[in-house]
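Visitor: Each chain, written out:
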Amino acid sequence: MPAAIPRAPAFAPAREYAFAVLGVAAVTVACRFLSGVIGYTAISLIYLVGVLLAGMILSRGPVLLAAALSALCFNFLFIPPVFTLHIHKVEDALMFVTFFVAALAVGSLTTRLKASEQTERGREQRATALSHFAQKMSAAPSVEVAFAAATVHVAELFPADATILVSQNKGGSGLVPYPVDLAALREDEKEVAALAFSRGERVGRFTSFRPESAGTYLPIKRLDTTFGVLRITPRAGTTLTADELELLEAFAAQLANVAERDRLMQIAAQAQLSEEAERLRKALLDCVSHELKTPIAAIAAASQALLHSALDGKDTRLSRQLSEEIQQGSRRLNRIVNNLLDMTRLESAVIQPQREWCDVPELLSSAIETEKETIGQREILRSLPEDLPMAFLDFSLIEQAVAKLLANAASYTRAELPIEIAASCTDEQLTISVADRGNGLAAGSLDKIFEKFYRADTTRTGNLGLGLSIARGFVEAHGGTISARNRKEGGARFTIVVPVRTMDRASLEAAS
Amino acid sequence: MKAGHVALIIEDEKQIRRLLRIALEGADHQVFEAETGQAGLTEIVHRRPDVVLLDLGLPDMEGIKVLRRLREWTRVPVLILSVRDDPEEKVGALDAGADDYVTKPFDTAELLARVRVIQRRSIVETGEPVFESGSLTVDLSARRVTLAGTEVRLTPTEYALLRALVQHAGKVVTHRQLLRTVWGEKAESQAQYLRVYITHLRKKLESGADAPQLIRTEVGIGYRLSTDL
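If you read the protein sequences in the order shown, they are chains A and B.
Here our numbering = 1-based position in the first sequence + 3.
Here our numbering = 1-based position in the second sequence + 6.
Please note that a few of the clues may not be correct.
[Unchecked claim] Listed next, the in silico SDA-like pairs over lysine to any residue satisfying Cα-Cα at most 20 Å (straight line):
hint: 1; chain 1: B; residue 1: K110; chain 2: A; residue 2: P364
hint: 2; chain 1: B; residue 1: K192; chain 2: A; residue 2: E359
hint: 3; chain 1: B; residue 1: K110; chain 2: A; residue 2: R334
hint: 4; chain 1: B; residue 1: K210; chain 2: A; residue 2: E365
hint: 5; chain 1: B; residue 1: K110; chain 2: A; residue 2: I339
hint: 6; chain 1: A; residue 1: K375; chain 2: B; residue 2: K210
hint: 7; chain 1: B; residue 1: K209; chain 2: A; residue 2: D390
hint: 8; chain 1: B; residue 1: K210; chain 2: A; residue 2: I339
hint: 9; chain 1: A; residue 1: K375; chain 2: B; residue 2: V108
hint: 10; chain 1: B; residue 1: K209; chain 2: A; residue 2: R334
hint: 11; chain 1: B; residue 1: K210; chain 2: A; residue 2: Q330
I should point out that these hints are in silico values taken from the structure, not numbers from a laboratory.
Turn these sequences into a full structure, and let the hints guide you.
Guide: Written out as structure tokens, the structure reads:
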């Protein structure tokens with residue numbers, strides 16, 4: 004917590020005057036005792052020493068008082084004729100005047116020295132405060148955190164409350180307090196704040212413009228851009244010095260730096276985003292044009308050849324082959340279109356899980372059935388606990404996610420290798436895993452495989468690289484996670500974890 | 007199937023109509039076509055078809071509306087042709103009185119099988135008490151279920167569920183229909199009962215419970231009892 008900056012008092016407290024009077028009284032008493040021993044010329048020196056000492060510890064007013072009192076006491080008690088203010092001898096008059104001038108000079112010199120020392124110290128403290136502030140601002144991870152820290156910092160450092168107003172639009176008309184949950188601004192406050200924003204200079208209290216306002220408004224400005232306004236409201240009964248206002252202006256400049264940094268970061272993020280979008284668009288175009296045109300070409304060529312062979316009326320074996328080509332091509336087209344539709348559905352966020360009580364083994368069987376053509380003759384090894392409870396989930400979403408994993412495993416491993424499928428369930432979550440015994444995932448591709456249009460093996464065609472990202476989309480729409488890792492024994496394992504409610508079969512049977 | 011069944015295709019895509027015509031004529035149907043819902047309704051009145059193939063996405067009115075209109079006066083079997091893989095749409099059509107559905111792109115053999123099944127009179131209508139599929143025999147009059155000649159013991163609920171499927175053998179039966187038939191109207195939303203008892207039935211009747219062939223799951227819609235094992 005920053006220490007509040009010490010403030011030079013506007014006038015010396017009564018305490019210092021009392022101290023001056025008491026000091027002079029003490030010196031006078033001491034001199035009365037000494038007057039029998041030493042002459043009154045020496046006594047003037049003792050008084051002068053007293054004034055010097057006062058100059059070192061007291062401020063100007065009390066020192067001047069001490070000087071005047073000392074002169075009067077000296078005159079009254081020690082300069083003959085004593086107990087009068089009369090001075091007969093010219094030497095005595097000269098001594099009195101010299102004494103008075105010396106005391107005054109000493110008094111004002113020491114206080115000036117002290118004042119400049121104080122100014123120096125204040126400057127140093129302000130520099131420290133500013134550097135602390137700057138440090139805090141640059142350490143803040145976001146503009147929100149920085150602004151919140153700034154208001155707290157200012158309130159600790161000055162006898163004033165700070166509010167940051169940020170502009171909602173470019174014109175500065177929509178200035179709102181930040182954080183927004185603070186009390187709303189009064190209309191007149193809004194007006195003065197908007198003035199500070201549009202003029203780009205300090206207005207309000209302690210300035211020549213609208214000095215009747217409750218607060219001072221400093222623009223948060225960098226070069227030509229104004230980001231918002233720093234409002235400073237001094238607490239009741241306090242004011243702000245010019246130095247403090249200057250320091251606050253430096254704070255406002257720091258805030259502008261933070262806002263500028265944030266703006267630049269946003270621009271950079273935006274640029275990165277559009278670059279990513281561009282990359283995706285190109286990948287989509289390349290992929291879709293290739294993947295769609297290949298089966299279309301196959302269908303077109305095969306049907307044309309079929310037409311010719313039909314005209315000849317011969318070669319049924321060839322006709323059969325050509326028909327199969329057409330069928331395969333159309334299946335491939337259908338799969339691609341379905342994937343694109345699923346992806347679109349996911350990206351437009353229209354998927355809402357429709358949860359119902361499901362039997363997990365049935366779900367897995369259904370997924371296997373869905374992908375039976377891709378799976379072909381592969382063996383599917385299932386490992387499911389006997390007491391798997393009923394799970395409350397969207398059958399269709401999870402079934403499709405599992406189907407995508409099965410299709411992925413089947414299309415990336417050799418036909419003789421089995422695919423393993425396992426499920427387990429706790430009270431809160433269902434885990435389904437699909438594992439293969441293929442070559443596993445290449446190092447570095449683990450975090451990419453769920454990305455759109457990513458294909459682990461770019462030489463293998465026949466899909467858009469959407470299957471796994473659709474699976475992830477379905478699982479995430481269901482509040483779950485999907486992950487992939489290589490197995491120790493070789494091959495890859497994909498795991499789906501979804502939060503579910505479960506119900507024991509026995510209790511269900513009792514209920515029905 | 008006796009020759010000369012009349013089929014009406016209500017579908018706006020010319021190419022699909024042409025393909026359906028080839029397939030249906032190959033299966034001894036006399037085929038009529040309608041491009042719009044309105045024309046389709048008129049054709050039903052004139053042609054008295056034995057089966058209607060209805061596309062859900064028609065230019066003039068929604069297929070589901072055509073279905074509701076025709077169900078106001080006729081029980082003609084209706085097969086829905088749906089382009090979207092959207093279970094809700096299909097359940098909606100089945101609830102509105104459709105007999106079954108196929109999703110485009112469809113397999114011609116599968117389409118013809120569906121057309122055949124929905125035209126066949128159900129076991130209730132024929133009065134034939136015995137249903138057979140593969141090694142499974144269900145004798146509804148004797149309440150006896152055998153698998154490859156061996157009697158299978160079913161609980162009353164299991165039997166009621168199997169009977170509901172047998173009564174609509176070959177056709178999809180929605181979750182709601184099954185729940186209503188077996189557990190009563192109040193249980194319509196209790197799909198979990200159905201899941202449990204389907205699992206039981208499969209364990210008792212299917213040779214490989216891992217890959218059910220007899221009782222097929224239609225994701226998001228219901229179940230279908232295979233007739234051709």
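Visitor: Against each hint, give a clear statement of whether it holds in the structure.
Guide: Okay, the hints, checked on the actual structure:
no., hint, result
1, B/K110 - A/P364, "violated (28 Å)"
2, B/K192 - A/E359, "holds (17 Å)"
3, B/K110 - A/R334, "holds (11 Å)"
4, B/K210 - A/E365, "holds (15 Å)"
5, B/K110 - A/I339, "holds (14 Å)"
6, A/K375 - B/K210, "violated (24 Å)"
7, B/K209 - A/D390, "holds (14 Å)"
8, B/K210 - A/I339, "violated (39 Å)"
9, A/K375 - B/V108, "holds (18 Å)"
10, B/K209 - A/R334, "violated (33 Å)"
11, B/K210 - A/Q330, "violated (37 Å)"
Going down the numbered hints, you'll see the structure goes against 1, 6, 8, 10 and 11, while the others check out.
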